[in-house]
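Visitor: Protein sequences appear in the order of chains U and R.
The letter at position 403 of the first sequence is residue 403 when you use full-length UniProt numbering, and the numbering goes up by one with no holes.
The letter at position 61 of the second sequence is residue 61 when you use full-length UniProt numbering, and the numbering goes up by one with no holes.
Hints in this document: simulated from the structure, not taken from any laboratory.
Check each hint, because a few of them may be wrong.
Which copy is meant is left open, so a pair is good if it fits within one copy or across any two.
[As the list claims (entries may be wrong)] Below 20 angstroms or equal to it, Euclidean Cα-Cα: the simulated SDA-like pairs (lysine to any residue) are:
no., residue 1, residue 2
1, Lys174, Asn223
2, Lys210, Asp133
3, Lys203, Asp133
4, Lys285, Asp135
5, Lys203, Val67
6, Lys174, Pro60
7, Lys203, Ala138
8, Lys466, Ala416
9, Lys210, Pro64
10, Lys114, Glu147
11, Lys174, Arg57
12, Lys174, Asp465
There are 2 protein chains.
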Amino acid sequence: MIFCRFLAVASLTATLASAATIWPLPQSVSYGSSSVETPQFQFIGLSSDDSKNAVKRYNPLIFPHSVEQTVDALDILVTIDDEDAELQLGTDESYTLSVPESPSSNSPITITAKTQYGFMRALETLSQLVDFDFDAEAYSIEGVPVEISDSPRFPHRGVLVDSSRHFEPISTLKIVVDSLAYAKLNVLHWHLVDSQSFPFDSKSYPLLGKQGAYSQFERYSPNDVAELVEYARQRGVRVMVEIDTPGHAGSWCEGYPEICPSKTCTEPLNPSTNATFDLIEGLFKDLTGGQAKSGLFPETLMHLGGDEVNTDCWTKSDDISSWMDQQGFDEDDTYAYFIARVQAIAHSMGREVIGWEEIWNHFGTSLDPSTIIHQWLPGSTVGPEVTAAGYRLIWSTDGVWYLDGLSTTWQTMYEAEPTEGISPSSLHLVLGGEGCMWGETVDTSSILQTIWPRAAAISERLWSDKNSTQNVDVAEPRYAEFRCHLNSRGIAAAPYDNLIARNAPTGPGGCLDQRRRE
Amino acid sequence: MIFCRFLAVASLTATLASAATIWPLPQSVSYGSSSVETPQFQFIGLSSDDSKNAVKRYNPLIFPHSVEQTVDALDILVTIDDEDAELQLGTDESYTLSVPESPSSNSPITITAKTQYGFMRALETLSQLVDFDFDAEAYSIEGVPVEISDSPRFPHRGVLVDSSRHFEPISTLKIVVDSLAYAKLNVLHWHLVDSQSFPFDSKSYPLLGKQGAYSQFERYSPNDVAELVEYARQRGVRVMVEIDTPGHAGSWCEGYPEICPSKTCTEPLNPSTNATFDLIEGLFKDLTGGQAKSGLFPETLMHLGGDEVNTDCWTKSDDISSWMDQQGFDEDDTYAYFIARVQAIAHSMGREVIGWEEIWNHFGTSLDPSTIIHQWLPGSTVGPEVTAAGYRLIWSTDGVWYLDGLSTTWQTMYEAEPTEGISPSSLHLVLGGEGCMWGETVDTSSILQTIWPRAAAISERLWSDKNSTQNVDVAEPRYAEFRCHLNSRGIAAAPYDNLIARNAPTGPGGCLDQRRRE
Numbered sequence: 001m002i003f004c005r006f007l008a009v010a011s012l013t014a015t016l017a018s019a020a021t022i023w024p025l026p027q028s029v030s031y032g033s034s035s036v037e038t039p040q041f042q043f044i045g046l047s048s049d050d051s052k053n054a055v056k057r058y059n060p061l062i063f064p065h066s067v068e069q070t071v072d073a074l075d076i077l078v079t080i081d082d083e084d085a086e087l088q089l090g091t092d093e094s095y096t097l098s099v100p101e102s103p104s105s106n107s108p109i110t111i112t113a114k115t116q117y118g119f120m121r122a123l124e125t126l127s128q129l130v131d132f133d134f135d136a137e138a139y140s141i142e143g144v145p146v147e148i149s150d151s152p153r154f155p156h157r158g159v160l161v162d163s164s165r166h167f168e169p170i171s172t173l174k175i176v177v178d179s180l181a182y183a184k185l186n187v188l189h190w191h192l193v194d195s196q197s198f199p200f201d202s203k204s205y206p207l208l209g210k211q212g213a214y215s216q217f218e219r220y221s222p223n224d225v226a227e228l229v230e231y232a233r234q235r236g237v238r239v240m241v242e243i244d245t246p247g248h249a250g251s252w253c254e255g256y257p258e259i260c261p262s263k264t265c266t267e268p269l270n271p272s273t274n275a276t277f278d279l280i281e282g283l284f285k286d287l288t289g290g291q292a293k294s295g296l297f298p299e300t301l302m303h304l305g306g307d308e309v310n311t312d313c314w315t316k317s318d319d320i321s322s323w324m325d326q327q328g329f330d331e332d333d334t335y336a337y338f339i340a341r342v343q344a345i346a347h348s349m350g351r352e353v354i355g356w357e358e359i360w361n362h363f364g365t366s367l368d369p370s371t372i373i374h375q376w377l378p379g380s381t382v383g384p385e386v387t388a389a390g391y392r393l394i395w396s397t398d399g400v401w402y403l404d405g406l407s408t409t410w411q412t413m414y415e416a417e418p419t420e421g422i423s424p425s426s427l428h429l430v431l432g433g434e435g436c437m438w439g440e441t442v443d444t445s446s447i448l449q450t451i452w453p454r455a456a457a458i459s460e461r462l463w464s465d466k467n468s469t470q471n472v473d474v475a476e477p478r479y480a481e482f483r484c485h486l487n488s489r490g491i492a493a494a495p496y497d498n499l500i501a502r503n504a505p506t507g508p509g510g511c512l513d514q515r516r517r518e
Numbered sequence: 001m002i003f004c005r006f007l008a009v010a011s012l013t014a015t016l017a018s019a020a021t022i023w024p025l026p027q028s029v030s031y032g033s034s035s036v037e038t039p040q041f042q043f044i045g046l047s048s049d050d051s052k053n054a055v056k057r058y059n060p061l062i063f064p065h066s067v068e069q070t071v072d073a074l075d076i077l078v079t080i081d082d083e084d085a086e087l088q089l090g091t092d093e094s095y096t097l098s099v100p101e102s103p104s105s106n107s108p109i110t111i112t113a114k115t116q117y118g119f120m121r122a123l124e125t126l127s128q129l130v131d132f133d134f135d136a137e138a139y140s141i142e143g144v145p146v147e148i149s150d151s152p153r154f155p156h157r158g159v160l161v162d163s164s165r166h167f168e169p170i171s172t173l174k175i176v177v178d179s180l181a182y183a184k185l186n187v188l189h190w191h192l193v194d195s196q197s198f199p200f201d202s203k204s205y206p207l208l209g210k211q212g213a214y215s216q217f218e219r220y221s222p223n224d225v226a227e228l229v230e231y232a233r234q235r236g237v238r239v240m241v242e243i244d245t246p247g248h249a250g251s252w253c254e255g256y257p258e259i260c261p262s263k264t265c266t267e268p269l270n271p272s273t274n275a276t277f278d279l280i281e282g283l284f285k286d287l288t289g290g291q292a293k294s295g296l297f298p299e300t301l302m303h304l305g306g307d308e309v310n311t312d313c314w315t316k317s318d319d320i321s322s323w324m325d326q327q328g329f330d331e332d333d334t335y336a337y338f339i340a341r342v343q344a345i346a347h348s349m350g351r352e353v354i355g356w357e358e359i360w361n362h363f364g365t366s367l368d369p370s371t372i373i374h375q376w377l378p379g380s381t382v383g384p385e386v387t388a389a390g391y392r393l394i395w396s397t398d399g400v401w402y403l404d405g406l407s408t409t410w411q412t413m414y415e416a417e418p419t420e421g422i423s424p425s426s427l428h429l430v431l432g433g434e435g436c437m438w439g440e441t442v443d444t445s446s447i448l449q450t451i452w453p454r455a456a457a458i459s460e461r462l463w464s465d466k467n468s469t470q471n472v473d474v475a476e477p478r479y480a481e482f483r484c485h486l487n488s489r490g491i492a493a494a495p496y497d498n499l500i501a502r503n504a505p506t507g508p509g510g511c512l513d514q515r516r517r518e
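So here's chain U without its partners, still in its complex pose (with noise of 0.2 angstroms):
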């Protein structure tokens, strides 16, 4: 038993910084056979201190055992050419990454990016590259000369997190933020606020968050989440805010009573009074500074939820039905009127919106052309339809992205297809797609092995070649051991082949080799 365990540990470990092991896999990548020892390395051409942070961060993880340093660090020679780029979607994240057979000053390792965000994706890549000898002590970069030509498929790679059924501390976020950036995914979606708990608060409305958190604690400040946003942005991560109306908002009735259609019966909100409409204008004022790019939230995009309304507390009231029967609205159209009025607020604040899928099912091409439609019922096949009448997609069917499903493979996450049956000229049209962490059984203490490592089986089919990473068993190795790679970061991903997503191992063993030992 010992002997043939330690022989496939050894079968796994030998594809170690080899092309193997960068997950999720470069564009272009081709190695040599010949390995260069450095005890670290010297970065010559960063201006920008989004670009000297990131060289902080990842030096001690490309370096995390300390050594005697017997033979000269090697220079990097890095090329950016805005190092002071804007991140938002669709921001050049490509690099290149080339490092000789015998790198010296003459001829040096040399990175290239047209951002400083490219630049940190390429950092992420060297950090994969470097391998540590225990038995010599020493670092190496393995398969040299090696020349890696890389950029993202999709522009939006994103994880969902739900701050509402459970509240997440910030420094449980940051956490998040920085395990994204480790597997290129670029975009952290805020599920904010939800019928269970407002945690943020809001100063035009205080009282959504004074009464409508879960305790006076469990919530952000307007700096806590401006915090956060920059703490994403320096890590080339784009934190999209979600605000979920009409339904999904029981928790602004705390507050807020006259918003909703009555105390007992609390969502859809109250489309019939503009006290709703002016409470949303001003809380998103809050969040979006009232105009583009500006705000607590600078990103573009804005997504406004629309998703599961059951619309029998409107017509349960008689206040609000009457007002419907004076409009000549039946449900649906009230319903429209609602995402509508809720649309032009966030394009009046120079804001791109997204909704989830109900409301293309509902309202189809009536719908702004701008609005990007985010797939995410199980069994959709919406995509085509969606992309041929010229809207964007996202992709997170429900089942397959949606990481709350615990019992979901990452077998079936990677094997996942965002273009299935969208028609090539409309492939632009698909931005991309998100893990969905949605929070019902997530705190802080279940939520990193929740997400992880099945989060990576997503982002390496939103960052990498379709045709070269179909197969599930070619990848498994590099699979397990980017698990490990998370693990000695101190990021909590479960065992990569779990049947039940976030258990614990069930007896002794290795990180690759998870077989009990004896």
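Once you've looked at the hints, dock chain R against the given chain U.
Guide: Same frame as chain U, now just chain R:
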């Protein structure tokens, strides 16, 4: 429902930053009814790097939300007798903290301590006194004037971590160390190696790690160990290494089969050859530097295991059994001989030794009088006789303080009493205790939520006055808040009232109010 729940939350949060919220409970604490606002603290009188680094760590923990400074920062006058004290068993951790009703430069907040480690305990207490008001966006100390005089009941308060059943990366162990200090625990008992794997790189016997680790990268270099030990020291946490022999050593045979009875029957280690003791001496030299208070583990206490010795592999081996005959040894004599020789090696390097309870049960008062007995057997009541014979005791009874017992509740851990049945004249021989986090089912993804929050119940039993901490119902709100306190710092402490310790929440809820929200 919602209003009931909000009342429940209110009744708990009302105690925030009041007498009831400090965990573990101080020896002496008195509160007033006023409050004082401050945006930060200015510490006056610090001279050592240890103290200044502690302040650097605690400032963002005490003031996690950035605020506009509308009032002056309060001064804290610090007096530390010895700011460069050595950290060993019994190092003074006492402190006083006094907050006047109206602090000013003439009558500032004062902290006194005998050592920098006592000052660190004071900082943790201070961090639990400062409350953030989200509505006012301001920090305050409630219940002033505050007078606290505090010191630990027991000098040895620890958690055992097992890096053999699963490898725990240094980054993970650093998070564990951080969390121990938050609960005023002061010992990381590092069960470094065992039968399943040997993750330490011994310079004297390199094949131990090279062959015995789960993989080539699941190893600790000497520099890794030194870095963790220093990291822990700066937080007032002693790192005590355990090398468990003659049992629990099967992984040693991967590299050095000659010290094992046979390939198929690997432990207890072979007592009949000096090769075994030469290797142990070389390994101990690597760990201790060969003399007192030096090497990778300057800690004076060293744990030598000695538990669960099944001598079948000795009697099944012709070589070993014939050697036993020559010596006139039966199995127990041989076990005693092995323990005595290994203890002598550790003594020769200036270490005091600890052994698991079995060595007392087998050899009693024939053990060296300096031996410390680690009580662990389920239902064991060995403490009184051990201490009556003048031997020192560490308490960790299985079923009570074994953290791998997932169905052992925090209440059971809280109600435990290490001095049960011990005569007043022997109480000084009870050094304290440890929660034991055996590693069969804990890796990076599960260790923190298995340790926390239950280890906090152990921390209060070991730190606080026995008579003030007898009622679990009285403790529960504080215990719940301490769990939220850990979460707020990104520590993955599990829901506090779990029946299975580390389970994720079953539905939406708050940190204090974990009931599912309708």
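Visitor: The structure should be examined with respect to each hint, and the outcome stated for every one.
Guide: Against the structure, the hints:
When the C-alpha separation of lysine 174 and asparagine 223 is checked against a cutoff of 20 angstroms, the pair qualifies only within one copy, where the shortest distance is 14 angstroms, while the shortest distance between copies is 28 angstroms. Only between protomers do lysine 210 and aspartate 133 lie at most 20 angstroms apart by alpha-carbon distance; the minimum there is 11 angstroms, versus 54 angstroms within a single protomer. Proximity of lysine 203 to aspartate 133 under the C-alpha cut-off of 20 angstroms is restricted to the inter-copy arrangement: shortest distance 14 angstroms between copies versus 54 angstroms within a copy. Within a single copy, lysine 285 and aspartate 135 get their C-alpha atoms only as close as 58 angstroms, which misses the 20 angstroms cut-off; across copies the closest is 19 angstroms, which meets it.
In this assembly of identical chains, the alpha carbons of lysine 203 and valine 67 lie at most 20 angstroms apart only when taken from different copies (14 angstroms versus 51 angstroms within one copy). In this assembly of identical chains, lysine 174 and proline 60 lie within 20 angstroms of each other by CA distance both inside one copy and across copies; the values are 18 angstroms within and 14 angstroms between. Taking identical chains as interchangeable, the C-alpha atoms of lysine 203 and alanine 138 lie at most 20 angstroms apart only when they sit on different chains, with a minimum of 15 angstroms there against 54 angstroms within one chain. In this homomeric assembly, lysine 466 and alanine 416 come within 20 angstroms of each other (Cα to Cα) only inside a single copy, at 10 angstroms, whereas the closest approach across copies is 58 angstroms.
Taking identical chains as interchangeable, the C-alpha atoms of lysine 210 and proline 64 lie at most 20 angstroms apart only when they sit on different chains, with a minimum of 19 angstroms there against 43 angstroms within one chain. In this assembly of identical chains, lysine 114 and glutamate 147 lie within 20 angstroms of each other by CA distance solely inside one copy; the values are 17 angstroms within and 59 angstroms between copies. With identical chains, the CA atoms of lysine 174 and arginine 57 are at most 20 angstroms apart both within one copy (14 angstroms) and between copies (17 angstroms). Taking identical chains as interchangeable, the C-alpha atoms of lysine 174 and aspartate 465 are never at most 20 angstroms apart, the minima being 29 angstroms within one chain and 37 angstroms between chains.
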